[in-house]
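Here is what each chain is made of, one letter per residue.
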Amino acid sequence: MKKTIKKTPMVKAQSSSVVTVGSEPIFTRPESLREAENHYCAGCGHGIVHRLICEAIDDFKIREKVIAVAPVGCAVIAYEYWDFDVAEAPHGRTPAVATGIKRVRPGNIVFTYQGDGDLAAIGTAEIIHAANRGENITVIFVNNGVYGMTGGQMAPTTLAGQKTSTTIHGRSLRREGYPIKMLEMLAVLPGAKYLERVSVHSSHEVLRAKRAIRKAFQMQIENKGFSMVEVLSMCPTYWGMPPIQAADRIKSEVSTFYPLGVIKSC
Amino acid sequence: MKNKVLMCGNEACGEGAVLAGCKFYAGYPITPQNELTAYMAKRMYETNGVFIQAESEIAAINMVLGASAAGVRAMTSSSSPGISLKQEGISYMAGCELPCVIVNMQRGGPGLGNIAPSQGDYFQSVKGGGHGDYKIIVLAPASAQEFFEYTLLAFDLADKYRNPVMILGDGLLGQMMEPLHIAPPKDGPKVFEKPWALTGAKGRKQNIIRSLILAEGALEEHNKKLQEKFKLITQDEVRGETVNVKDSDVVLVAYGSVARIAKASMEMARAKGLRVGLIRPVTLWPFPDKLFDAAATSGKKFLVVEMSAGQMVEDVRLAVNGRASVEFYGRMGGGIPSEEEILQRVEAMYKV
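Protein chains in written order, with my numbering: chain F, 1 to 266; chain S, 1 to 352.
For reference, chain S alone in the conformation it holds in the complex (with noise of 0.2 Å):
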């Protein structure tokens, strides 16, 4: 494959599992996700990997579970309502402690909705989503090239932590053509040793992947443990961008898609003469909250974008804590925020 290549967001995303050493994808037909389970039914024929087409997304997280189970690098992908049907594989991933990769390419939602981009899965997404307490790692990439990269960082993560990682994209992402260059780790994948995988029971006592935990209190261990790993996640995975925070009177705040559109709409006020920056999540959860200390002690005021009715901004106004005032911006069911619409938005705050 050449360096540099044109390719749509979910084809990235293929890519970058292939050279991540996925071995194992199962996938069900939904919009606006489907380049990447095509991609993927051809790339793994040509890289020996195994490549399914579930009869329901259910059965392909659970085909997910049992090939992570087995030891190997294993994903699936959806969009929304199939995500929906895919939290409890989730969950009894994330209570098993197993590693894989899910991506949700969001539409426009509740129900059935529309295919439009959407970022209406927020909530689901970095509150756990299943049944139970737990956490998934969420990768929010912006462009073409990052969902490439974030492919490839995913499956470390996902075998790092024994835990689901979620890359949380949109129709927009997932579907617009963009020039990429394609990276392949140097040394190839990272090679995590998993001594609990289910090979069969040579040499070593039995492995058993489980969830049930019945005796007394040995769930709540199990939690506690589980909490003391998302502890550990939340103090080294943190991601986020900022750009003119420092040097910014109102400060955009965005993720995946919208932060490419918000980014537009600050240089437009730049030009106009308005201070204004941007901090863009990159991991939603861990939410870097740290991001807004600087920016909420010093007097600016925060403008939360999203597709959805407001709900990354409940995590901004949690990191902000009431030291500025944070306000929000949202187009829904498939509409996409403009430049000149977001623009408008910052005007106001500066009349007030």
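The shape of chain F in the complex, shown without the other chains (with noise of 0.2 Å):
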């Protein structure tokens, strides 16, 4: 990433995440990011998602502004990596929690961060709902397809026949049920205004990833209701699989059942 960013010295004029040293343009770290080591596995997509949304916060200059909710699941210390105010919620209730927030603070950035099985199982009344009451916030949903914190067990969004803890032959559909698509669930609420899946599988969909969590924010910071991005992340540990390959998975396999793009924009 540091040498397409030298070639391409646009950038530096753009996006926080570049400052010159002398004329020599140097890859850095967001200012909504704090410098620590994360306890992410090896080729983990959260670090990407959680970069990627400091970029954008410090790209609006909203830092000051912003109270991300935290989940219960991998990412439930993202406030020991982000720079910004931070409420942690129990499990699945993140949208019920930033929508409290965000009425009695309207002036504020509210977002959640949620991964599979917070947003798609457990919190499936509280996302359905806020959607519906088209709540001004914003949503990232990491969707990996297992439960990571946990030890690799079968997610709502487990793709047919994966292997997981508890489904050890493989996700069967006639047992387990089918892989549940959110995005295109939540898109007939009216309440919904903008939907997008994305992935962080290669250098190519990470900036689009960038783009439309940029996109999320703005539409929050316009007051146009409820806003929603999912990104495919990559968990090599409980896929079985290096990095690499669990990246090239995205691309060929998990990424052709939940379609890449936007879902629904108005």
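By construction, these hints were calculated from the structure, which means they are not laboratory data. Careful: at least some of the hints might be erroneous.
Result set (DSSO-like, lysine-lysine): computed pairs, CA atoms no more than 27 Å apart in a straight line [claimed, not checked]: (1) S/225 - S/127; (2) F/181 - F/264; (3) S/205 - F/65; (4) F/65 - S/4; (5) F/61 - S/194; (6) S/127 - F/61; (7) F/65 - S/202.
Only a predicted model underlies this, so the values are computations on that prediction, with no experimental measurement involved.
Build the complex: two chains, separate frames, hints provided.
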């Protein structure tokens, strides 16, 4: 990534990720991202998504207005990496907590950061009703198809045939049901205004993800209502494969079931 | 609003919340507390507060968690089955040290039970209720007037100690219409500084509201700090009422609606020449142990009356600590003890 940016001098004026030392542009940490070693496994996508959020926040210069709601799951201590106000929510209740914050502080920028267990299983009621009320919040939904924190169990988003610690012979559609497409479900709700699915499996997709996250924050800044970005992300540890293979799996397998792109925009 | 009004207990509570400066209410329909939700829908609208009819009791308590984390006085209410659902959020708020007011207008249980008055949630209320080592302050009003006043008090206690406070009533108290005086706090609601609140990290370090504490030993330290706070509350916030205790052979013990009925039984007994007194805990946690000391050491007998199978009676026995006999009379599943029933029990105690 460092190399690419060096070759693209235009970027330095547009992104807070790039500063110049002397005449040399170098890749640096966004102001909203704390200097900390993270606890994520090698090849995990959370670190990238954390960074993209911080870049968007810095670009909009809203760090001092942001209040995030962290989930239960691998990203539960995201507040140790972000440098803005954060509340922790009980598992799945993240959009309800965000609703309470945003309604009493409409001038602040409120976003939730949720995994697939948090958002698509235990918190389905909360996400559906937050979207349906048209809460003016931003939801970043990281979908890696497993429960990572608890040891790689099946998630609602686990693909058919995928082996997990609770689907040892692979997810059976007959026994465990179908993987849930949350964005497509939410798209029918008039309260949901901007829904996009992106991925972080390649640098090209990371840049698209950054644009989507920016757009989702912009929707909130412009008071346009509920926006959500689903980010397909790698979990090499519980997919049982090396990081590069995990990234390839998103391209060849995961994104064919969960199509990338704007699902809804209004 | 006129100073003297006729209101049901649920509405009296709602007006207390408004005058306490409550700016956020989230609730979910359940009988017998619906008058409070409807009242808040109207009054939050009129006072530029926020009212949300949530998708569940679980969502409601978590919206309250969010509003409270953002530094605003917030409240939710429900009745027994709904309060069970809120326990997760209450435990998180106790862990995060977030203030809030929760109203439980108890109904018959277990399960869906019925919609008649009950006091079957005493244990759940005073022992913690959710998971983990924590306590919430529990206030038990016995009239619409007290329901109004204790709601004002509840918000102050919640902010003072950064802890959830519950007002524990029942369907009788919530739905009975009574006259009451609406007296707003003289200088408006008390204002507590909340430097911990999430307002955006402007000109300060980030604020984090959390109950997850993973570093080795750190959660035990956090628990010790919470226990210190609970000890302080036990020292400073005990409330209760005693009537005719000194001059009595039998002391009735009851809280909330039942305390009013027991008071009538006491007067009937007195009219018959029986020396009967009453101890009425107002804070159910912290429990007013000391109110029992003088009576327990002077040979009196206690009769605890509850709309339950016997829950508060355990705390009475702990307070009395074997120094006197403690008897119990209870009704369950929506049964309400009458003055006569209690009087009969008292008379039977004289015959032994």
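Each hint tested on the structure:
| no. | hint | in the structure |
| --- | --- | --- |
| 1 | S/225 - S/127 | holds, 18 Å |
| 2 | F/181 - F/264 | holds, 13 Å |
| 3 | S/205 - F/65 | holds, 13 Å |
| 4 | F/65 - S/4 | violated, 44 Å |
| 5 | F/61 - S/194 | holds, 25 Å |
| 6 | S/127 - F/61 | violated, 46 Å |
| 7 | F/65 - S/202 | holds, 7 Å |
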